[in-house]
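There are 2 protein chains.
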Amino acid sequence: MPLTDIATRTYDHGFRLDPIVRSLLDTDFYKLLMLQLIWKRHRETQVTFALINRTRSVRLAEVIDEGELRAQLDHARTIRFTKKELIWLAGNSFYARTRMFRPEFLEWLAGFRLPPYQLHVEDGQYALTFAGAWAETTMWEIPALAIVNELRSRAATHGRGRFALDILYARAKAKIWEKVERLRALPDLALSDFGTRRRHGFLWQRWCVEALKEGLGERFIGTSNVLLAMDADLEAIGTNAHELPMVAAALAPDDATLRAAPYRVLEEWREDYDGNLLVVLPDAFGTEAFLRDAPDWVADWTGFRPDSAPPIAAGERIIRWWQDHGRDPRGKLLIFSDGMDVDTIETVYRHFQGRVRMSFGWGTNLTNDFRGCDPEGGDALAPLSLVCKVVEANGRPAVKLSDNPAKATGDPAEVARYLSVFGEDGRITQTVTV
Amino acid sequence: MPLTDIATRTYDHGFRLDPIVRSLLDTDFYKLLMLQLIWKRHRETQVTFALINRTRSVRLAEVIDEGELRAQLDHARTIRFTKKELIWLAGNSFYARTRMFRPEFLEWLAGFRLPPYQLHVEDGQYALTFAGAWAETTMWEIPALAIVNELRSRAATHGRGRFALDILYARAKAKIWEKVERLRALPDLALSDFGTRRRHGFLWQRWCVEALKEGLGERFIGTSNVLLAMDADLEAIGTNAHELPMVAAALAPDDATLRAAPYRVLEEWREDYDGNLLVVLPDAFGTEAFLRDAPDWVADWTGFRPDSAPPIAAGERIIRWWQDHGRDPRGKLLIFSDGMDVDTIETVYRHFQGRVRMSFGWGTNLTNDFRGCDPEGGDALAPLSLVCKVVEANGRPAVKLSDNPAKATGDPAEVARYLSVFGEDGRITQTVTV
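Residue numbers (full-length UniProt numbering), protein chains in the order written: chain A, 1 to 434; chain B, 1 to 434.
For the record, the hints were derived by calculation from the structure and aren't laboratory data. Don't take every hint at face value.
[Said to hold, decoys possible] Here are the computed lysine-lysine pairs in the DSSO-like style, where the Cα-Cα straight-line distance is at most 30 Å: (1) B:LYS175 - A:LYS213; (2) A:LYS84 - A:LYS213; (3) B:LYS175 - B:LYS213; (4) A:LYS332 - A:LYS213; (5) B:LYS213 - B:LYS83; (6) B:LYS389 - B:LYS40; (7) A:LYS175 - B:LYS213; (8) A:LYS84 - A:LYS40; (9) A:LYS175 - B:LYS175.
[Said to hold, decoys possible] Facing chain B, according to a computed beta carbon distance under 7 Å, are these residues of chain A, among others: (10) ASP5; (11) LYS173; (12) ALA174; (13) TRP177; (14) ALA211; (15) GLU214.
The C-beta atom is built at its ideal place from N, Cα and C for all residues, glycine as well.
With the sequences and hints as input, model every part of the structure.
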């Protein structure tokens, strides 16, 4: 007869909820790198983040119960970094560097908790915003996305039979393994998990990450999820995100300062970080404009992460720019992370093989690809194009242009102003699927 | 942190082996029905069963460790029917009948244990035989097959990674569910699990059975596995097997008695059982011969289980025979159980729909179909055509002709004699895949 652990069962009876986020390390590594920079220089800047569901056809407020959403968000606010987590952050090496995080920053982290949120319903969608000190609100991005995505998955699977669920996950596992087997054929692949924000659920992401670890071996270089990196003894992967240039741009008092904002951000970054962390995210206001105005020292950085242009065109453009600046692309790094899946990874890998170092950040199509897996059919488990973006800094509107107009965010008048400053060159509309 | 059940872990440390057979109910229901008949009438008949691996290309003695095989067989010999099991056999209703098993029989069962076995290696195969009183040796058939099959699966999967194994089973689960979804489209399907003897493993069979229960609902009428029937509250399914006519035939002193043997067995059967248990297994010495010589009262039986002829031809032949005897086939039952899979189930179902009652026994292709599922490729998990057959009764050789000469067993001289008695009509060679 199977033994039942009575204590566990009894403990489970008392669950107020099954928490989606159970650790503040359950976030992307770049949030911690950026947080240290923000904490040092901009901690009192007031920044508002907002959840944006680009998949308007899914009326989230009709899918997810508001009480459950509040319960999960409230639970996340009760979490602190544990001693073990802080000791690991202090003692572990990241990107081959020890003491990545300064003791004073870790001391401050020990007292950190997620700030309040604002939530109401507008036209079937949740208007979920986080307003306050940047060093606090920035930390909501990933848990907020993870919570909303997992609540949606839970709503979709609620009430299903035990075996129907078993089949759902069996199919999804089989699907991932097909991908693993294809990726194994790429000998110099360097791939990492970037799927925290869009994951089907925490346990599923953990399964995916451990499967890649076993299936891809050295081709799997790590995960952006800090908790999983710690628990599975993997490298934590990540550099920086659009919020840095977006806030800098929003605060710019004039057009000249606005035009210089992306490079000012990089100057701050290189004061704190070096080596493989010197990766440019060039597309906040258009890659073409970024390259046109970039100072020569940007070409000394290790690499670029094109995040919204078609990957081959973007890579070719950046390689040409390096060559124009007299740098050898073979020593440089391109990180591809925009909606990648096995097909695009294979194509891009083969295209650039031998010409540049490459690394792939695999997100939604790793941790939330249930296409064809649902025994009930339908798209209740299709991933949402859900983001959590800076919308305001010190009361001024924030804007992202991106290389893909479909990914632009911000007030239309401000978008027009930004376009006049940075230009329209090189922007190509692509359908945003994830 | 996950709680560990220390007592269970400590207990596990002491495992001598992970037993494949843990209950004497982990057998096919028809063995118990036949056992009661044998115990009443023939308990002292000396019958030898032998394991026969028709898949000669798999040299089992090189795949399975002899020590492990002996340990599993020895362990099976330590098992007794438990009180709970005997009470369930006494109190449960089978085929809508209570008290199927007589109290004196159950009393005898309480003291039952599997008799000794004889094991040696011959040309890369295990020569595994069970000689002794029929009422004891008959009970080895299913556990012996289950043990050898599962040891082979374990050998094939030994040392594989945790996620590679997870994928193996994920694929196999997804595969079964595709089948379930197809079978759901057959509104009047009546299907049962006949997969104990050929199963990949006990836990896998249990998963398959519970998946069918959830996925097929009322179309899934039960399982031949008595233990799973008890544990999952399913009907135990099964009637009789070739060993009854084979022993009767082997003991026949002359050709006339030999020719009458299949009907004498049915006479004994109908003394003990009735209703849906009155199912003829006509092919031991050829269905054509059986029908030709059958007394009219055989047409009063509920149904037939054609087990080695092509199913549609066999079904048509039996329907014609019923009609020739003035019986309406629409009230009769055909049970198809020979190497069935979804394709054949669909074809046969559609062919006979509305003309006769049908039921399908789904064996190897349910509980041991890993085709295309093994991440390592190869056929290490392909099912074997493994049987455990009567080879001798009171020192006389036993023979099975079957409708398919590829399934015939027995001494060639005896096979020739049987052919002269029963005739060759209607025998069609088909490749035996499972």
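Tested hints:
1. Restraint check for LYS175 (chain B) and LYS213 (chain A): the C-alpha separation of about 25 Å stays at or below 30 Å, so the hint holds.
2. Restraint check for LYS84 (chain A) and LYS213 (chain A): satisfied, since their Cα atoms lie roughly 23 Å apart, inside the 30 Å limit.
3. A threshold of 30 Å between alpha carbons decides the hint, and for LYS175 (chain B) with LYS213 (chain B) the separation of about 16 Å falls inside it, so the pair holds.
4. Between the alpha carbons of LYS332 (chain A) and LYS213 (chain A) the distance comes to roughly 25 Å, so the proposed pair stays at or under 30 Å and holds.
5. For the hint pairing LYS213 (chain B) with LYS83 (chain B), the CA-to-CA distance comes to about 27 Å; that is within 30 Å, so the pair holds.
6. A C-alpha spacing of about 21 Å is found between LYS389 (chain B) and LYS40 (chain B), which places the hinted pair at or below 30 Å, so the restraint holds.
7. A threshold of 30 Å between alpha carbons decides the hint, and for LYS175 (chain A) with LYS213 (chain B) the separation of about 25 Å falls inside it, so the pair holds.
8. Note on LYS84 (chain A) and LYS40 (chain A): the hinted pairing holds, with a Cα-Cα distance of about 24 Å set against a maximum of 30 Å.
9. The suggested pairing of LYS175 (chain A) with LYS175 (chain B) holds, with an alpha-carbon distance near 12 Å, which does not exceed 30 Å.
10. Evaluation of the ASP5 (chain A) hint against chain B yields a held restraint, the C-beta minimum of about 5 Å falling below 7 Å.
11. At about 4 Å, the closest approach between the beta carbon of LYS173 (chain A) and any beta carbon in chain B falls short of 7 Å, and the interface hint on this residue holds.
12. At a threshold of 7 Å, the smallest CB-CB gap from ALA174 (chain A) to chain B is about 4 Å, leaving the interface hint in force.
13. A hinted interface residue such as TRP177 (chain A) counts as satisfied when its beta carbon comes closer than 7 Å to some beta carbon of chain B; here the least separation is about 4 Å, so the hint holds.
14. Among the interface hints, the one on ALA211 (chain A) holds; its C-beta lies about 5 Å from the nearest C-beta in chain B, closer than the 7 Å criterion.
15. Given the 7 Å rule on beta carbons, the hint for GLU214 (chain A) holds: about 4 Å separates it from the nearest Cβ of chain B.
Every hint, counting from the list given before, is met by this structure.
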